[in-house]
Each structure stands twice: as structure tokens, then as C-alpha cells.
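Sequences listed follow chains A, B, C and D, in order. The working numbering puts the first sequence at residues 2 to 324. The working numbering puts the second sequence at residues 2 to 324. The working numbering puts the third sequence at residues 2 to 507. The working numbering puts the fourth sequence at residues 17 to 309.
What the hints contain is simulated information worked out from the structure, not anything from laboratory work. Just so you know, even glycine gets a beta-carbon here, dropped at the ideal spot from N, CA and C. Warning: the hint list may mix true and false statements.
Said to hold, decoys possible - Using 30 Å as the maximum straight-line C-alpha spacing, the simulated DSBU-like pairs for lysine-lysine come out as follows: (1) C:Lys126 x B:Lys217; (2) D:Lys67 x A:Lys305; (3) D:Lys142 x D:Lys166; (4) C:Lys79 x B:Lys191; (5) A:Lys193 x C:Lys352; (6) D:Lys25 x B:Lys305; (7) A:Lys217 x C:Lys408.
Unchecked claim - Footprint (simulated), chain C over chain B, 3 or more residues, beta carbon under 8 Å: (8) 199 to 205; (9) 208 to 219.
What the hints assert, rightly or not - A few chain C residues that don't get close to chain B, going by computed Cβ distances all over 10 Å: (10) Asn26; (11) Leu99; (12) Arg148; (13) Gln195; (14) Ala234; (15) Glu262; (16) Lys352; (17) Phe491.
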Amino acid sequence: MTDIKSTLVKFQSIIALLVLCIVLTILSDRFFTLENGWNIARQISINVCISVGMTLVILAKGIDLSVGSMLAFSGAVAAGLLKFGLEIPAINTFVGFTVFGAILAGVVVGGALGLFNGWMITRFKVPPFVATLAMLTIARGATMLWTGGFPITGLGENFAFIGTGWFLGMPMPVWITAIVVVLAVIITNKTKFGRHIYAIGGNESAARLSGININKVKIWVYTIAGILAAVGGIILTSRLDSAQPNAGMSYELDSIAAVVIGGTSLSGGRGSIMGTVQGALIIGVLNSGLVLLNVSPFWQQVIKGLVILVAVIMDRLNHPHED
Amino acid sequence: MTDIKSTLVKFQSIIALLVLCIVLTILSDRFFTLENGWNIARQISINVCISVGMTLVILAKGIDLSVGSMLAFSGAVAAGLLKFGLEIPAINTFVGFTVFGAILAGVVVGGALGLFNGWMITRFKVPPFVATLAMLTIARGATMLWTGGFPITGLGENFAFIGTGWFLGMPMPVWITAIVVVLAVIITNKTKFGRHIYAIGGNESAARLSGININKVKIWVYTIAGILAAVGGIILTSRLDSAQPNAGMSYELDSIAAVVIGGTSLSGGRGSIMGTVQGALIIGVLNSGLVLLNVSPFWQQVIKGLVILVAVIMDRLNHPHED
Amino acid sequence: MEKKPGIFLEAQNITKKFGGITALNNVNINVHTGKVNAIVGENGAGKSTLMKILSGVYPDYEGDLYLNGEKVNFSNPKDAMKKGIAIMHQELNLIPYLSIADNIFLGRELHNALGVLDSKKMHKKTKELLERLNCNLNPKTLVSELRVGEQQLVEIAKALLEEAKLVIMDEPTSAISDSEIEVLFKIIASLKEQGVSILYISHKLDKLRLIADRYIGLRDGNTVGTIENAKEASKEDLIRLMVGRDIKNIYKKDSVDFGDEVLRIENICLPKVINKSTFLLKDINFSVKKGEVLGLFGLMGAGRTELLETLFGLHSKIMSGKIYVENKEVRIKSVRDAIKNGIGLVPEDRKEDGLVLGMEISKNVSMASINNVVKSGFLSTKLEADLSKKYIEALKIKTPSEKQLSKNLSGGNQQKVVLAKWLATSPKVLFLDEPTRGIDVNAKNEIYHLINNLAKKGLGIVVVSSELPEIMAISDRILVLSDTRITGYFDQASANEEAIMKAAVV
Amino acid sequence: NKKEDAPKKIAVVISTLNNPWFVVLGESAAGRARELGYEATIFDSQNSTSKEAEHFENLIAAGYSAILFNPTDSEGSVSNVKRAKNAGIPTFCMDREVNSLDGPASQVISDSFSGCVELGEYFVRKLNKKGKYVELLGLVGDNNTWNRSKGFHSVVDYFPELIMVAQQSADFDRSKALEVLESVLQSNPDINAVFCGNDAMAMGAYQALVAAGKEKEVMVFGFDGADDVMNAIADKKIMATVMQSPKNIAKTAADLADEFINGKNDFSAKTPLEVELVTQENINEFGNYGSKK
Ligand SMILES: Nc1ncnc2c1ncn2[C@@H]1O[C@H](COP(=O)(O)OP(=O)(O)OP(=O)(O)O)[C@@H](O)[C@H]1O
Ligand SMILES: Nc1ncnc2c1ncn2[C@@H]1O[C@H](COP(=O)(O)OP(=O)(O)OP(=O)(O)O)[C@@H](O)[C@H]1O
Ligand SMILES: [Mg+2]
Ligand SMILES: [Mg+2]
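The following block holds chain A by itself, in its conformation from the complex (with noise of 0.2 Å):
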């Protein structure tokens, strides 16, 4: 019985997904090739990047509004510190970046400023709403005061690779979420921290009362949020060749879109990062196929916002007795 309840919401979004690429593909006869394949997958690697992230945090009952701010500022300080480097007037010395070294400290800001969300939430008790809907703001701020409001441009052909080289047949940007997928895969079902998550997600108070630390695990979550966010930062960066200030703006919502439709609950503890993966895909191929089939962009938003609700109708339809 639930063998194959869970069995049917896995294929629930797949045949969602399904009837939308067959609908496409009869549509519009250049729908179905390899090539808009890739397409469709590069455009959602980012969107999926960060999905990754906000379906750990929900899945331990929280959320992330920041995820669009994090991305813009770890963005532009990779860019910012590869294309100027950092200047430190009180000891007066100036630091180069190389490539690696620039991207391994956008990173390691996006990480820091999850840590910083995980922090307040844990700490401080700030429903997570509001920890990052603040947080939200204020990277924002600090990515315009970053980069004075002016992209920042001309980031070379090395770091151009990472958003739009090939390796082995297969587009960079895709690599690299194809790896944060199978990370996030295996963190989920086959470790005792993606074990955990569920738990908190599932009942909060009989995991604290089973020696799991909820607060490290939580701090632990929020931080990947940041940095996966910042991983999509600088795909991004790389793609456009070009840290915009504001890069990511109401991403969030894509993000959230992706989790929620992938069948991940919002109340946490039930859903996984293949039903994410899928819902960024059903996104992808929507927001891909109404560009294909030049649908006007006032009917854009409404079919959208129809195909949201369809699926998950249909989704509700099939499991009438969960909440």
C-alpha cells in the first residue's frame, strides 16, 4: 500500500512532466532535440543548484527567502575579487585572486552568510521566515555596496568556462549541478546528517529527544543553502560573464516553486531531491516551451501560474489524506 503510494508520487511529477514534453513536442517539431535538450538543462542548472539547498531546508521544516540575495553577492564578490582583487588599506596590502581563488571565496561568503541565517534561526529563535527574509535585504544591500550598483565585467575566458565551456560532451554548468544532485542524493538517503534532517523535519522534539543535535543540523543546512546558492552564483557570473547586482531577484520563488511541485512538503520531513530535480524540470521545460512557441509574455504568466496549480491538483488528487 504505501509501497505504491510512494511509488505513484514519484511518477506523479515524472507523467506531469511527461504529458508537458509530449504536448511540446507535437506542438513545435524543434521541441525534441538534442540540442534544446541542453538548452533546457543548462538554463535550469542554476534554478536546480539552488533548489538542491532549499529542499534540505525544508525538508527540516524551515525555508529560505535569501537564496536570490546570496547568489547575487557571492556572485559579485568572486567577480569583484578576480577582476580587482582586494585592496586591505589598514595593513596596506593588496591580495590577486586567481580564478580558483576567487571562486573558492564567493563560496565561502555564500556559505557564510547561511551560516549567519542558521545562526539567528538556532540561536536566537527567529522563525526562519524572517531570519532570511532580513537576510534577503540585507545581502542585497551589501551586493550594491559591493559593486556600487555597476556590473562587474570582462571576468576572462577561464572563468567564462565554468558557465559555458563543454567537458566530455556535456555542458559545464550541468556537470556541475549533475554532481550537486548526486551529492545531495546520496547526503539524503545514505548519511546519518540526511537521515537527521528528515527527522527534525518530521517531528522535532522526538529527534531532540533521541540525541540528535537539531541545532547543528540545522546551522549545517542553511549553510548549504549558501553555498549552493553561491554555486549558482557563480555559474551564473560565468554564464552572463558578468556579476549583475541584481542577479537572482525573486528567485526564491522559483526555488520554492521547484520543491513544492517536486512533492517535497512545506511542512517538512517527506519529500526528496529527485522530486525537486523533476519540478525544476517541469519550470524549465515550461518557461523554455512558451519562449519556443512564442507565446505572448502577458499569457507567459498566466499559463504558468495554471500549470502550477494543475500539478499540484493532480498531485492533492492522489493523496487525498495528507495534509
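We have chain A; now place chains B, C and D with the ligands onto it with these hints.
For chains B, C and D with the ligands alone, coordinates are given in the frame of chain A:
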């Protein structure tokens, strides 16, 4: 004991507000003037309107992300009907609208969108976050379709009175908002319906077993949120003498921030309308104060985020034992 | 259908399915007017489900209900209320952040013509109701500030608010004390005199026998018979009606030779968080030996749960005192420390604190000892399945497989899963807080035997219970806690009900 | 307790600081005002007319002497300007106009429509009057989007062999433009040109062409004269853009405000500043955000 605590909760945001006001009065001689007072009141009036609806929704353990889009659509509908009337080609009829008729139509449209949200949430068990996220997109697209992407302007003196006029020494938007607040306070504290909202947010299954018609209450709550978003949309349209297709973008976050800073729990069942008003005041005073103090727009975002954090942390430190 | 004299409500051929599970299968019962109709049955027999149908919670079922001979069909709880059926559910159904009065009047608020609530009248009425229950709480108090027992009193008050013709009580006494039970029984008696019918469900058979007029037996969703004259039925008859066979009821712990001392605590104190000069626990000392079962008795709110939690590292920041495990002093600052030092706690509220209900049995079992199922850095599904299978077998957990979600198990089986979780940590000492609350006789017995076997294997066990006969049956020694202190100490020889009770009310 | 000797304050209200062009506009205006001895503050309306209304109310309350104003909307901003006028504070519009002749003291505008007319003519020439092209619109609720689009189409639509195969919105955003054009290229791999409503989208579109290996075949046209597009034109990557020099506009507006404060009050309602077409041929005549002339 309880009384002291709940008094403290109330004083909590008032104290934060007072501290803020005192600091601003010291820093700027322009702050503590009657003119600036009305100014701030007028500015927050729209956010308060929306946030009152949001408070009801959150008290009933929901969330409404679509307020900004509903605001835009209702405002555009009212403006469009007022200016162009309604042509019904099928029966070859043209209907003109008075100011009152157009406003009514806008409010009805807002209510209908809210009703749709409520219907999705109760009938199809779509999680509120998702249902209203979809509505956010759909209503925005509908606004674009209705306006063709162009603002609708030149709405006449009578219509402008709502947003810019004065009555008995008080600006009209402040009157409207004050009436909304008073009604909402009465509803939440003094009526069955209000009591049932708290009950549903506090423990839905217990509320159901007590014979409360959960679905009806929820549908009403979302409908009211839609109506109040429409009221906000009409005030905004009237103030600007223009229905902007982009109006109300990201208002949902401002509104949720006001509710949460005002001490209402995102997990439902606990909070108050007056708290929300104070929350909106804190945000409004902060916005206005940062401008008066000539703070750079980039820093404003950082400071705003930090103040939200501090406000909520102060609240938490006073109530360490609640989740 | 014709009205039958003496029968208030008749349920005919009631069948109720949840998905694939048949909870009720052609059930027939009669509720006699002005009598206490007791329903008995094991966990999961379908008692609460039947009550929910009678009170309009589940409108979709097969079969017919007749009220005074008239066919009725309740589509929601309000319908049933209107027909004079009041119910007190098994689970507490209160809104934590509303006041007592608000809760009692929830869904049937008093208001004036304008729809404005009449708080004064509601408070007054609440006060009267509470006084009837010998309870002098302020009607304005928030329910979240009440103890569980007090909340149960509010539930009872809620069921008594309207002049109902049938009052259904599903486990009304699971959390209230003996003196409060007495008050309740008096109220039931007076209701009976007024001709009100009562449907009463309880697993506390001894208490049940004091008030029941007739018994209706339910087993696996089927009616298995009634005993019309309760006074003539012995406890054994009652158990046979429930379980379908005899159970050796008089359980007595095997006496074994105790081993070395495994746990000793000295001068444990726990101040209140808000007012640090007053205490929740003061100068508690005791010790437990290997193979010994120490019973911890006390009335509701005596501080027993707090004591176990303190020893388990949940209040490490404010507690003081010393804890020795196997004669070595240990510092327990967190649950992890407690586990490392061989202490396990089966908490009082298995749904809130014991289980992740949405998780498989196997994952719950391994939760506190997850390192045992890690193989070269990763969780091993096989090791995990083996671990849980071992305990499913050893504890006779009734389930189709270890992959079953915990929320689909009956209460007793859920309790066993929590037990399994702690046994998997290979503890030296096990704390059991009210391990049999809400559990039927049969499952209770199984748990007693389990405790006995664990002790035999050399565990030190501390059991908290509010039921005197239970604690006397299973303990080697009994400590009585009252008003933050230890007020009594008894061994097998000196223990008798009167003396223990006396110590508990000091 | 007014401080008599304190410097007068000038407010610079900018529609958005999320785009470098406007950042330059705002900073140049503030910078010029400071040069002239004023205290200057920049306000960011974040593309929201209601935010802008709040700024106006706040700065009226705060006692500013003049407003250098980059409106969010030609219609929606009118009421704000009037409110300031009623409070005795003159408004000088920069770059975008408001539809009111008596509201603002003067409007220093660059004419988006005619700029795009000129660009459209160049576009037609470069494509030899035939070919397939894609248009990337800005925010669909923004009237700049439509001014530019209409100016462009007022020319291009006369040539039936110039076929617009797709018209999509990319919200004035570089990454959206990249994604949208990537998808468009799937269904229309054989396009000859892309017209973008601003330079950020032009850069994004160029990026998409690079990824598809089509950057040599497809011509990209932008609008604004942003730094990186100017560089890209110099590198022969992008065909053309329209330079509406933010520095120039800002300086002119600030000077007008200074004159007003010093007593002058008869300004012509509009002070048009020419926009200039920047192409690979004339790129050498331009510096950052302005003509070298
Ligand atoms: N909402 C539900 N969904 C699925 N199964 C249910 C539901 N409620 C009850 N059941 C199942 O129906 C059966 C009867 O449950 P019920 O709660 O009526 O038992 P009970 O006799 O009241 O037991 P207890 O003595 O433990 O209270 C059980 O097998 C239970 O698992
Ligand atoms: N969360 C809490 N907040 C405030 N007081 C509490 C809380 N939990 C327990 N108490 C108080 O602490 C005292 C001890 O409670 P505890 O739960 O330990 O008693 P107990 O003997 O285990 O009783 P029970 O059988 O109800 O569990 C009681 O007076 C109770 O009111
Ligand atoms: Mg039951
Ligand atoms: Mg207890």
C-alpha cells in the same frame, strides 16, 4: 503572570517604535512634525490595509503571496472601467461606470481572486503557499493583459479624492485604513468569526471537532484578504492617478514583515491586528527616517534588514519558551 | 423504524473503512437511556471510530443510525450537537492560545443580536461549569498554561456545557487524578438521574467497573457481545469480552538477584526557570541496581517527568546535583551524553516526543543508535532492516513489515517501537515514563513482561506510573514523589496502597 | 530652529539603481549638485511609482530645495511632481518625461522614441531590408519598453521582408535575455538580428549567440550606451546602440536647478538633449557614458 506577559508583548513593539522615534527625533528636526506624521500615516496606509488581511490569513495558519498582484489587478480593473467602461461585444452592449461603480467592481474582483485562492486551498487542498504563488503569477499576467502593459491614467478629480483628499483634517487613505483596522479589531476580538480564525490557526482538527466549518472560515479569510488588497489597490491607483501594471510587486514581503514584526506567529493562532499596525508603523517610520537622515539607498536595505532582525530577536528574548 | 423504549440510540450494521483498512465491520450497538453504556475493546478495536461516527465527525460510513427510533444522518459535529449528542474525544482537542472559556464555547459562542460576543456571560457560565468539577481555574487562563490533567477537565466541562441527551466520553480519565475521577463519577451519576445516556470508554478497567451499567464488547471492528448487567460481571468476564480469551491478570514481577549498582543520583535540584528560588525538584536521591525495577509514583504534576528529563540531560543548564553510572560520576549535558553513558528514556507522550510518525518503523528504531547501521560511512539499508526486524520479533510488534509508517500502528505497537529504539542503544538504565498510558490490558501485559525480561537481562529500570496497582505489580522498590520532594520509600514488603497514597498526597 | 547657514539640499530621485545607466545618471546629478555647493541625496524608487510617491512625500517633509527627477512612469509620476510643486519645490525631470507641461519646472529629456527611430533606420540599412529578427522587450509593464519598441517598429515595419520571428520579454535583465534568446534560437536558428530594448539585454543576447556559435552571423542592437556595450561595439561584437548620455542629462538638470534656486524661474518646459546613434563606425567619438565632443 499571563497578563504581565501579554502586556509586555504589546509594549514590545511599542517600545521598539518609541526608541526608533526618539532616535529619529534627535537625529533630524524634521522628523517630529505633524506634517511628517500624516506623511508616514499616509504612506503606511496601503501596507496596513493589505497587512490586516494578511494577519487574518496568517492567524488561520495560511499565507497569501498574491496580495501584490491582486492589488495591481483590482486597481487596474477599477481604473479601466472608470476610464473606458466595459464593452461586451457578444450582446453589443457598452456599460459606463461611475466612480463608485468602478471602485465596487475593483473590490469585487479582488474578492473574487481571494475567493479563488480560498477555493483552491480548501477544495483541492493546495497548500496556501502554492495556491497563492500561482495566483501571484496569474493575477500579474491578467493585469498585463487587461492594461496591455500601459498604465491607465487620467482618472479624474473625484477618483483622486480617495487617495489624495482630506476629510475632517485627516487624509482620506488614513480614514479608509483606520476604518479597516477598527473593523478588523472588532472582528478578531469580538465576533464568532474572529474566534474561529484563532481556533483554526491554533489547532485545526480541534476546531473541526468543535463543529466549526473550517472551509467556510478559510474561504472567507482569503476573500477578505483579496478585498483588502483591492482596497489598497484603489487607494494606490487614486494616489498616483494611474493604475500601474507593475504596481504592488513584492508587497507580499513587506506585508508579511509587518505582520511578523507585529508579533503574529507564522504558525498561526497567535497575534493581533494592532500588533500588525505597529509592525507597519515600525517599517514606515524606518523608511521615512532613513530618507530624512539622508542614508544612501544601498545602506538603507542593509539597515532595514538588520532592524527587522533586531526587532524579532528582542521579541524572542522576551519569550524564550515559545517556539 | 419504531421507537424502542429504553433505547436512546441504535446503530445498525455500521461499516467504516479507511482506505484499505476496515475499522468497523457491521457493528450493531444500542445505547440505553439513562445508563452508563461502557464500550470495551483492545487498542484499535474501533471504539473511537464508532464514537466519531455517532458524533458526526465521520459523515461517510455504511449503515444506519436511529435516534429515538428516528433515522438520522449527521453531516458534521454540529448536527450531532443539535440532536443532543455531546462528545469528549480521546485526544485533547483544545486550542492552546485561547482561554478556557473560549475553548468551552468554541463553535457555540454566545453573542448578541449584532453578532458581538458576550464574553461576560461565557465567563460566568464557564466558572459555574468548572466549579461543578471542583476546579477553581480562572476562565480567562490560556489553555496552553494548563497541565494535561487540567486540560482534560476542560474537555469534560466542554462536553457538559449543553444539556445533552447523550454524553460520549472517550477515555476521560487518562490524565486526571483519582480525586478528580471521583468528582467526574459523581457528575456522571447525577447526569444519569436526569435521564442522560452515557457512552463511556476506558482502559482503566477497575475504575470502569465502578460506574458501568452495561458493557459492549468490540473486537477488531466487530461487535462481540454485550453484558447487560454489569454488577454481575467479574473483571475476568470483562477481559474475556475484550480479548476473547483469558489473560493471567495478576501480574507479579519475578524476583531476581540484583547486580551491582548501575545508577545513583545525589541531591538533584531543579529550579524553576522564571523564579529561580523556587524548585520543581529538590534534593532527590536514589539508586538503581542491575536487574532492578524502581517504580516512581506520584500524583499528576508531582515532578516525575521533570526528574527523568533532568537525568536525561534536558535541563542541564539549570539543574544541580550528581549522577553516577556504575559508580563513576558522569556529566550529562545533553541527550547525547545520556545515551553515551547508557541511559535511555521512553517519553510520556509517544506521539509528540517518542516517534517521527511519518517515518518507517525501521528508521525510528535506529534513530538513537544510528552509528550501528552505518557501514563504511554510509547508512546500510540492510543493517537497518536487520536491526528493526530483530526488535519486531523480540517485542512482538504487530506490523506487516519494518517499512510500515509508524503512524499506521496502534498505540501499543507504537509504544513498543519507542522501546525498541532505546533498546537498540544497548542502555544500562532505562527510564519509562507512563509506558502504558492509553494502552489496552493485553498490550499492557505484554509490556509488563517486557520490562520483566529486560530487568532479568541486567538492565536497571525506572518506571513512572500514575496507576497504583500497576506500579505495585511491576516494581521491586517504589519511590513516591510529591511536591518536588521524595516523600516515601517502599520495598516489596512494606508497600501497600494506603501507605503509598498517603505519601503521595503529602 | 532652522540652521540658516546649512547648505541647501537637492534630492535626486532615480527610477531604479539596478541598472548602471541609472546609477551613473543619479551619481552624476548628485555629483554636479555637490560641485555647485548643495547637499545632495539619491533616492531609489526601485521601479515602483508608489515607492517614488513615498520618496516625494518624505523629501517634501524633509525640506529639500529642488528635485532632480528620473520618473518611473510618464503618467503615474505626474501626481508626485504636482505635489512637490504645491509644496513649492521645483522638479527637473531627467531622461524620461512626465505628461504634464506645467508640473515640472523643466524636463531634460532624451527622446527614446526618436532614438529608436534612428536606430531602426540603421537596422534596416545593416540588414539590407530583409531578414529575420527577434525583439527582446523590457519589462512589459514599463512605458520605456513600449516607447522604444514603437520607435523601432515605426521604421522597421515598413519593410515587409524584415520578419520579426519572435517578440519576447526579458525584463531589461541580462540573465533573462540570455535564457530567452537561447530558447528562441532553438525554434529560430536562422535569425539575422536581435533588437534589444536596453543594453543589459543586448549583452545577454550576445552571450546566448556566443554559446550557440552564432555571434558572427547575428547582429545585436541595444539601447542606452552602457559601458560594456560600448566596449563590445568597439570590439565589433555588437552592431549599435543609442547613447543617451546620462552624464550630460544629469549635468544639465543640475545646472537648471541651481539657476532656479538662484532666482531664475522662466524655463522652457522641455530641454531636449540629443541622443546619438553609436555604431562600429563612429564608436571612437564616444567615451564612457557620453560623447567625447
Ligand atoms: N484516520 C484514520 N486513518 C486510517 N486508519 C484509521 C484512522 N483512524 C483509525 N484508524 C484505524 O482504525 C482502527 C480503529 O481505530 P480506533 O481509533 O477506533 O481504535 P480504538 O478502539 O479507539 O483504540 P484505542 O483503544 O487505542 O483508542 C485502527 O486499526 C486504526 O489504525
Ligand atoms: N512546560 C511546562 N511549563 C510550566 N510548568 C510545567 C511545564 N511542564 C511541567 N510543569 C510543571 O512542573 C511540575 C512537574 O510536572 P511533571 O510533568 O514533571 O509532573 P509529573 O509528575 O510527571 O506529572 P504528569 O503525570 O502530569 O506527567 C508540575 O507542577 C507542572 O505544572
Ligand atoms: Mg480510541
Ligand atoms: Mg509526567
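Status of each hint after checking the structure:
1. C:Lys126 x B:Lys217: Roughly 28 Å between the alpha carbons, so the hint for C:Lys126 and B:Lys217 holds.
2. D:Lys67 x A:Lys305: Status holds; Cα separation ~28 Å.
3. D:Lys142 x D:Lys166: Judged against 30 Å, a Cα distance of about 19 Å means the pair holds.
4. C:Lys79 x B:Lys191: 22 Å, holds
5. A:Lys193 x C:Lys352: 23 Å, holds
6. D:Lys25 x B:Lys305: 24 Å, holds
7. A:Lys217 x C:Lys408: 27 Å, holds
8. 199 to 205: holds (count 4)
9. 208 to 219: holds (count 7)
10. Asn26: About 24 Å separates C:Asn26 from the closest Cβ of chain B, which puts it past 10 Å; holds.
11. Leu99: Violated: least Cβ distance 6 Å, not greater than 10 Å.
12. Arg148: Holds, since 15 Å exceeds 10 Å.
13. Gln195: 23 Å, holds
14. Ala234: For C:Ala234, whose nearest Cβ neighbour in chain B is about 32 Å away, the distance exceeds 10 Å, so it holds.
15. Glu262: Check passes; 36 Å lies beyond 10 Å.
16. Lys352: About 13 Å separates C:Lys352 from the closest Cβ of chain B, which puts it past 10 Å; holds.
17. Phe491: 36 Å, holds
Comparing the model with each earlier hint shows a violation of hint 11 alone; every other hint is respected.
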